[in-house]
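If you read the protein sequences in the order shown, they are chains S and A. Position 61 of the first sequence, counting from 1, maps to 61 under our numbering, and the rest follow consecutively. Position 157 of the second sequence, counting from 1, maps to 157 under our numbering, and the rest follow consecutively.
Bear in mind the hints are in silico, worked out from the structure with no lab data behind them. In this text, all values refer to a predicted model and were calculated from it rather than measured experimentally. A hint or two may mislead.
For identical chains, the list gives no copy identity; a pair is met inside one copy or between any two copies.
[To be verified] Quick list of in silico lysine to aspartate or glutamate cross-link-like pairs, EDC-like style, CA-CA up to 20 angstroms:
| hint | residue 1 | residue 2 |
| --- | --- | --- |
| 1 | Lys166 | Asp204 |
| 2 | Lys66 | Asp47 |
| 3 | Lys55 | Glu33 |
| 4 | Lys166 | Glu104 |
| 5 | Lys166 | Asp193 |
| 6 | Lys166 | Glu185 |
| 7 | Lys55 | Glu87 |
| 8 | Lys55 | Glu143 |
| 9 | Lys166 | Glu155 |
| 10 | Lys66 | Asp164 |
| 11 | Lys66 | Glu155 |
| 12 | Lys66 | Asp76 |
Residue-level listing of the chains:
Protein chains: 2
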Amino acid sequence: VSAAGAEPAAAGVSELRPAQRRRRAEVLRVAAELFAENGYETTSTTDLAERLGIKGGSVYYYIDSKEELLFELVQDIYGLLLESLQEVLDSDADPLAKLRQLIELHVSGMARHRHRGALILNETRSLSAEHRAVTAVQAAAYEEGLASVIAAGQELGQIDPDIDPKLVTKALLGAGNWVNRWYREGGAWSPQDVSRDFARIFLDGLARSKT
Amino acid sequence: VSAAGAEPAAAGVSELRPAQRRRRAEVLRVAAELFAENGYETTSTTDLAERLGIKGGSVYYYIDSKEELLFELVQDIYGLLLESLQEVLDSDADPLAKLRQLIELHVSGMARHRHRGALILNETRSLSAEHRAVTAVQAAAYEEGLASVIAAGQELGQIDPDIDPKLVTKALLGAGNWVNRWYREGGAWSPQDVSRDFARIFLDGLARSKT
Numbered sequence: 001v002s003a004a005g006a007e008p009a010a011a012g013v014s015e016l017r018p019a020q021r022r023r024r025a026e027v028l029r030v031a032a033e034l035f036a037e038n039g040y041e042t043t044s045t046t047d048l049a050e051r052l053g054i055k056g057g058s059v060y061y062y063i064d065s066k067e068e069l070l071f072e073l074v075q076d077i078y079g080l081l082l083e084s085l086q087e088v089l090d091s092d093a094d095p096l097a098k099l100r101q102l103i104e105l106h107v108s109g110m111a112r113h114r115h116r117g118a119l120i121l122n123e124t125r126s127l128s129a130e131h132r133a134v135t136a137v138q139a140a141a142y143e144e145g146l147a148s149v150i151a152a153g154q155e156l157g158q159i160d161p162d163i164d165p166k167l168v169t170k171a172l173l174g175a176g177n178w179v180n181r182w183y184r185e186g187g188a189w190s191p192q193d194v195s196r197d198f199a200r201i202f203l204d205g206l207a208r209s210k211t
Numbered sequence: 001v002s003a004a005g006a007e008p009a010a011a012g013v014s015e016l017r018p019a020q021r022r023r024r025a026e027v028l029r030v031a032a033e034l035f036a037e038n039g040y041e042t043t044s045t046t047d048l049a050e051r052l053g054i055k056g057g058s059v060y061y062y063i064d065s066k067e068e069l070l071f072e073l074v075q076d077i078y079g080l081l082l083e084s085l086q087e088v089l090d091s092d093a094d095p096l097a098k099l100r101q102l103i104e105l106h107v108s109g110m111a112r113h114r115h116r117g118a119l120i121l122n123e124t125r126s127l128s129a130e131h132r133a134v135t136a137v138q139a140a141a142y143e144e145g146l147a148s149v150i151a152a153g154q155e156l157g158q159i160d161p162d163i164d165p166k167l168v169t170k171a172l173l174g175a176g177n178w179v180n181r182w183y184r185e186g187g188a189w190s191p192q193d194v195s196r197d198f199a200r201i202f203l204d205g206l207a208r209s210k211t
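The following block holds chain S by itself, in its conformation from the complex (with noise of 0.2 angstroms):
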C-alpha cells in the first residue's frame, strides 16, 4: 500500500497520502453541508467542486460517486451514535441513569450537529436499495438498544412497566429527531438546556402528581 506512483481515480482512502486524506475529509465535510443546506438531491457534484474550489471532474479523484459519498457520511454519523450507546451501555450506571445520558446524548446530538443529524433523518431515502438495507439495521440496533434500556429500568421497578419500550423508544426518537428540525445557535436555549428539559419531562413527567 505504498503512497508513490501514479494513484488511480477513486483510490481506496488507505492508498491516499496524508494530504490527500485531509483533502477527502473536507470533500466530506463540505458534502455533508450541502446535503443537509439544499438536499441531496438538488446538490450536483459541480456544486461541491465549486464550493470547494476545485475543477469538477477533480471530485472524483476523492469519490466513487455521489451516492457513495452520502452512505459514507451516513456510515459515519451511525457509527459514532452506535458508539456512545455501546459506551452507556456498557457503564456501571443503573438502566434510569443510562436512559437519561441516552436521552441527553441524541438531544444535544441533535441539537449541536444539525447538518449530520438532517442526513440520517431526511436523506437515507437516497441511498441505493443495498446502502438503505445496511443503514436500517443501524437505525433498528440504535432503537433495540435504547428500548433494552427500558425493559432493564421496568425489570427493575424503575421504570413503568405498563408501556411498551419501543414505544417510549419511538417517542423519545421523535422529541429528539424534532430539534433537528427547529433548533438555531443562538437562541433561548444551549443544547444542554433542551437536553436536560427533555430528560427530565421524559424521567418525571409533566404532572405534579400522577394523572
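Mind docking chain A on chain S? Use the hints.
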C-alpha cells in the same frame, strides 16, 4: 354567481356546480395522496391527471397551479388542526385534562391521516414565500395554543413549573410528528394505543419515583 354558461378556467370554488365541486374535492384528495407518496416536487400535474383518469390539461379546470393546490391542502389541514385545538381550549376541562386531550388528538391524527400529516411536515417548504408566511403564522398559533395550556397548568400547580412551556411543546410536537414517519396501519399498535401511551409518558413520566 350563476353556475350556468361557459366556465372560465380555474373558476372560483363558489362558481362550480355540485358535480364539479365533487370533482375538485377528488382532485385535492388525489393530489394529497401523490404529494405524500412521491413528494410535491417530483409530482407533476400530468401524474395527477393520470391517476384521476383525465386529460393532462383538464386539471387546470379545477386548479390554478400545482402550488395553489398544495397551499389549499395545507390550509385545509391547518384549519382542521386549529379548529380542534380551539374546541379543546374552549372546553370546561382543567389544563391537565386539556393537555391530555391535545396530545391524544395530535398523536392519533398523525397516525390516522398520514398523507395529510406528511404534507404539513415535509412539503410546506415548496410553497411560495407569501403562502409560507401564512402557514408559518398558523403553525405558530398551534404551538402557542399548546403552550398556553401548559402555562395555565403551571399557574394552577398541576404542571411542573420549572420547564419552559415552549420547550415542552417542542417535545410534544416532535414525538407526535414523528408518528407520521413510522406509524403503519395494521401494525402492533392502533392509533389509540399510541396516543394513550404517549399522553401517559408525557404526563406521568417514565420513572416510578421522581428522579
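- Task: Provide an ascending list of the numbers of those earlier hints which the structure does not satisfy.
- Result: 7, 8, 10 and 11
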